[in-house]
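Engineer: Listed here are the chains, written in short residue letters.
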Amino acid sequence: MSALLAIVALLAGAYFVAVLEGWASTGRFRPAGPVLAGLSLLGRESVVPRRPDRIFFEVAPPLLLASAVLAAAVLPLAPGLIVADLATGALFVNAALAYVMVALLMAGWGPDGAYAMVGGFRFLGQLVAYSMLIVMPVTAVAMRAESLTTTEVVASQAPLPNALYQPVGFAVFLVAAMAVCFLPPFDLPTAPGELAGGVMAEYTGWRLAMMRLARAVLVVTLASSIAVFYLGGWLGPLLPPWAWTAAKTLAVAAAMLFVGRYVPRVREADLLAWCWKIGIPLALFNIFFVGVLLLVV
Amino acid sequence: MSGPSKAPANARADAEAGAEAALSGAREARPSLLRRLVSRAGARDLCAFVVPGPEVARARGLGLRAAGLSVSATPRHANVLVVVGELPVGLREAAVVAYAQMPRPRAVLAAGAADVSPLPGPDVSADAAEESLAAGVARLRRLFAGGAFAPEAEAFEVAALGSRTEYACPMHPEVVREEPGTCPKCGMELVEREAADGGEQGDPEDAHQGHDHQGDGRTHEEDMHHDDHAHHGEGDEHGGANHADHGSMDHGDMGFMSMVKMTRGTPRSSDGLQMEWVEAPFGPLLPGLPGGLSVTFTLDGDTVAEARANSAVGRRQDPRGPVEEFVERFARLDPLSPVSYRLLALHAVEDAVGAGARDEGALARVGALERERAASHLNWLAGFGHLLGYRWLARRAEELQLALLRAEAGGIPPIRAEVRKLARRVERTSLLRRRLAGVGIILADPAGASGPVARAGGRGADSRADEEAYLTLGFEPVVQEGGDALARLRVRLAEAQRSLGLVTRAGGISGAIPVPDAGASGRGAAALETPRGSANLRVKLEDGEVTGADLETPSAAQTRLVGAVTEGREVADALVGVASLDIAPWGVIGEAPREAAG
Amino acid sequence: MSPLAQYALLLGLAAGSVGLALSLYGIARSLGKTREEEGKDVPATAGKLSRDPVWARYHVRYYGYALLFLAFDMEMAYMYPWAVVYKELGLTALLDMGVFLAILFLGLLYGWSQGALRRQ
Chain A
1 MSALLAIVAL
11 LAGAYFVAVL
21 EGWASTGRFR
31 PAGPVLAGLS
41 LLGRESVVPR
51 RPDRIFFEVA
61 PPLLLASAVL
71 AAAVLPLAPG
81 LIVADLATGA
91 LFVNAALAYV
101 MVALLMAGWG
111 PDGAYAMVGG
121 FRFLGQLVAY
131 SMLIVMPVTA
141 VAMRAESLTT
151 TEVVASQAPL
161 PNALYQPVGF
171 AVFLVAAMAV
181 CFLPPFDLPT
191 APGELAGGVM
201 AEYTGWRLAM
211 MRLARAVLVV
221 TLASSIAVFY
231 LGGWLGPLLP
241 PWAWTAAKTL
251 AVAAAMLFVG
261 RYVPRVREAD
271 LLAWCWKIGI
281 PLALFNIFFV
291 GVLLLVV
Chain B
1 MSGPSKAPAN
11 ARADAEAGAE
21 AALSGAREAR
31 PSLLRRLVSR
41 AGARDLCAFV
51 VPGPEVARAR
61 GLGLRAAGLS
71 VSATPRHANV
81 LVVVGELPVG
91 LREAAVVAYA
101 QMPRPRAVLA
111 AGAADVSPLP
121 GPDVSADAAE
131 ESLAAGVARL
141 RRLFAGGAFA
151 PEAEAFEVAA
161 LGSRTEYACP
171 MHPEVVREEP
181 GTCPKCGMEL
191 VEREAADGGE
201 QGDPEDAHQG
211 HDHQGDGRTH
221 EEDMHHDDHA
231 HHGEGDEHGG
241 ANHADHGSMD
251 HGDMGFMSMV
261 KMTRGTPRSS
271 DGLQMEWVEA
281 PFGPLLPGLP
291 GGLSVTFTLD
301 GDTVAEARAN
311 SAVGRRQDPR
321 GPVEEFVERF
331 ARLDPLSPVS
341 YRLLALHAVE
351 DAVGAGARDE
361 GALARVGALE
371 RERAASHLNW
381 LAGFGHLLGY
391 RWLARRAEEL
401 QLALLRAEAG
411 GIPPIRAEVR
421 KLARRVERTS
431 LLRRRLAGVG
441 IILADPAGAS
451 GPVARAGGRG
461 ADSRADEEAY
471 LTLGFEPVVQ
481 EGGDALARLR
491 VRLAEAQRSL
501 GLVTRAGGIS
511 GAIPVPDAGA
521 SGRGAAALET
531 PRGSANLRVK
541 LEDGEVTGAD
551 LETPSAAQTR
561 LVGAVTEGRE
571 VADALVGVAS
581 LDIAPWGVIG
591 EAPREAAG
Chain C
1 MSPLAQYALL
11 LGLAAGSVGL
21 ALSLYGIARS
31 LGKTREEEGK
41 DVPATAGKLS
51 RDPVWARYHV
61 RYYGYALLFL
71 AFDMEMAYMY
81 PWAVVYKELG
91 LTALLDMGVF
101 LAILFLGLLY
111 GWSQGALRRQ
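Residue numbers (my numbering), protein chains in the order written: chain A, 1 to 297; chain B, 1 to 598; chain C, 1 to 120.
Mixed in with the good hints, there may be bad ones.
Cut-off 20 Å, straight-line C-alpha distance, at most; resulting in silico cross-link-like pairs (EDC-like, lysine to aspartate or glutamate) [what the hints assert, rightly or not]:
no., chain 1, residue 1, chain 2, residue 2
1, B, Lys540, B, Asp550
2, B, Lys421, B, Glu399
3, B, Lys540, B, Glu552
4, C, Lys87, A, Glu152
5, A, Lys277, C, Glu36
6, C, Lys33, B, Glu152
7, C, Lys33, B, Glu154
8, B, Lys185, B, Glu174
9, B, Lys540, B, Asp318
10, A, Lys277, C, Asp73
11, C, Lys87, A, Glu146
12, B, Lys540, B, Glu328
13, C, Lys33, A, Glu146
14, B, Lys540, B, Glu324
15, B, Lys540, B, Glu325
16, C, Lys33, B, Glu157
17, B, Lys185, B, Glu166
18, B, Lys540, B, Glu350
Calculated from the structure, these hints are not laboratory results.
Owing to the predicted nature of the structure, the values given are computational and were not obtained by experimental measurement.
Pulled out of the complex, with its shape left as it was, chain A reads as follows (with noise of 0.2 Å):
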């Protein structure tokens, strides 16, 4: 029962940020337009590029949204509000959101074009800057926690929430969680100026309503996970605990749609350099200063 109103909550959720990508990209604010959207993609024909490799152009879809239901499956809305509250949650997390690297691959191989190609193993580069740094900031979280169940992930930021705790952890698993759902500035895969759509412009029709949507399960995933691992889940006076996890999810849903916007395409080389040159060192030094605040303190 907890399991099918979480999962109610994950797509309503998904609902909003569509609304919300709607709105920062065009700037218009149209509620209705995820519903239009999706109506008319599925009454538009879906086209199948000649000599595809068809395993990989049908699975990518259902891949992308399999990886962003399952890792919001192990996020909590509420102290009961959870599909599965594994003990290894927060490993759980970084599992399977693996699996966006080999949809969008398989999305760029597919299809047998030159911009979905260029846009696939530009993601695959994108995944070697990002993967350490989504990962890494984790850990230092589960230093406090002392568990990587997230329902104790969340309970251990009662004192202090984490982006407080560790404020380096956090800025870095930020700009590393826009990276893994391809947001603009990271939008390297997609992008529309350059490479007409890339891996997505192959798909129309309902296997594009399928991208989208999964795609829009993949922010609110991401956001649901910063907002438990380091703002603190549903922990907050007055209102109650699933409507703090919610506010949160939607607020850091929300920045990191509208952030985009101000902000020129990154380039492949320099995300790699910077998420190794600075990134890295960046997260090494947080999990060493929580190591250190933990002994202390």
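Following the hints, complete the assembly by docking chains B and C onto the known chain A.
Structural biologist: Positioned in the frame of chain A, the structure of chains B and C alone reads:
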């Protein structure tokens, strides 16, 4: 469900029931409740793919977003093909390809275009004006809601899209047969290949001379392993360059083949590795590049190994004729800067007649030209921002450009203030500086480009500096050092600001400019600094008719720079470099025929 | 819930998303089939039909980073259990992992100095 053979009675019954007309690109199905629901949703979610490009729409003052269309980067995500202005001959095929790649239900909206053949007749025709476009979009919505699914839907068949299967020898690609067989030269089995029907595949200029036969030895050995996959090669004109082979290199059935042996003879990349090269068009209709500029990259991974660029626009209407017609046709030569070309034609004709620029009109002409220069730079900036993924910049530049085009003389100073704010903000974005510094750098320029491209490299040639009207207004050219995309951005921003200042000081933006009297004869020449560089025109008048015209535009030289700007760079940087040149493909091909000497 | 039941639930979720894909396919298919037309199934490349395949060895330029990534990924696998018991073990834990991380970090610095961390 649907069936192609519908009894005529049904169609008549539908017509009698007052069913709305169907889209030309409707899906073939009987209308049902779910389909109606979906069509109505689709009508509210119109997504446009603009031909020749969003910058042409902006140059005409059309705000597509305000009209209710969202603009898509790829035809696959669009359901409306918007044709802005007359579709040039060379772009018709590209438009057909884009339309063919749009999933049904799809429609064509012609904004200011009378003839869009071979596309199916426009579902909605509108003028290239804001209100007309909005009304057209509303009509299109109704069409979509009613006619996205139709019992009968025509097929869209154009010769340019067809393909046929042919059989070619992997070793000798020039040996092509219609049926399977063996190659007469080497006896190898002919391999199946897909090729374009109805003529050549790609441009005739696409012949690869550089690296054709080195790959042959390698491809011969590999192809013996590929039984299940058809071996695709490039068209006949491409000689022996078989770059893209299949990636599945497991040769379990034929024994181990070392990578060294497989890649012997292929060109080496900058890091010493030899990999396959793939040819990809970033062709005439990429939204980040100027519409009509056909760019083809040979990609080595994500690096551009070779680049070719030419204008796909094709021949334009011959402008020669009576003086007034000549001037008008000349103005239509380049939809991105009509005022400049109109003024150029006028100056040349006036020079031939011997009239000389009238003083009271000179300042107004300066005002008009400078307003267009600022609008053109803002238009370029909007497209550049879109290419960079810098959405705020793209949006803001587009707003300012449209406001500038609509403004009266009194409305210029506030726009100038806004442009100054925009420029300051762009200067402060360090990520933008980082993104553009060193990209598309041109150090020495043998091609002789002019305009902002040259001035960004420190060569301060500006034909305005010689003109009296400009000197009285206190004009100075903007020159930057660096020769890269960042310098060009700065030059254009500064020029836009200075142009707006000149407009304010000139005090007027002249609308109608009188054409000199007919009946004169003579030869004349004029030069004008268009927003993209200096253009030269020589005309020969005979009895009030222009019988010869010779035009040199800045874009030809800039197109020759594309190779220097792109080769060896990552594809994103290459595209930024090409976009920073601000090439207007309209002036490259299709110049007025050169007159015979004497 | 026992871990096995939780994983079964997660498997059910994955199956559910595949089911969602199939039902979307079903709805779309009930609205009509895709009409096969010339030129429609060629990958969209900005107005020019490019029928050549692109399945070739893609020349990535970030392989220096990728090799270092492997090393660090292995390290992260060890850090997860360490993080859970860290506070319990105290200073020894910090020193143990600190040495490990320091060695890896030196490896990163070495790679940096040798030019691995750049676009090749």
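Engineer: Now tell me, hint by hint, if it's right for this structure.
Structural biologist: To see whether the hints hold, each was checked on the structure:
no.	hint	in the structure
1	Lys540(B) - Asp550(B)	9 Å, holds
2	Lys421(B) - Glu399(B)	14 Å, holds
3	Lys540(B) - Glu552(B)	15 Å, holds
4	Lys87(C) - Glu152(A)	15 Å, holds
5	Lys277(A) - Glu36(C)	50 Å, violated
6	Lys33(C) - Glu152(B)	14 Å, holds
7	Lys33(C) - Glu154(B)	15 Å, holds
8	Lys185(B) - Glu174(B)	11 Å, holds
9	Lys540(B) - Asp318(B)	14 Å, holds
10	Lys277(A) - Asp73(C)	16 Å, holds
11	Lys87(C) - Glu146(A)	7 Å, holds
12	Lys540(B) - Glu328(B)	17 Å, holds
13	Lys33(C) - Glu146(A)	55 Å, violated
14	Lys540(B) - Glu324(B)	14 Å, holds
15	Lys540(B) - Glu325(B)	15 Å, holds
16	Lys33(C) - Glu157(B)	18 Å, holds
17	Lys185(B) - Glu166(B)	17 Å, holds
18	Lys540(B) - Glu350(B)	11 Å, holds
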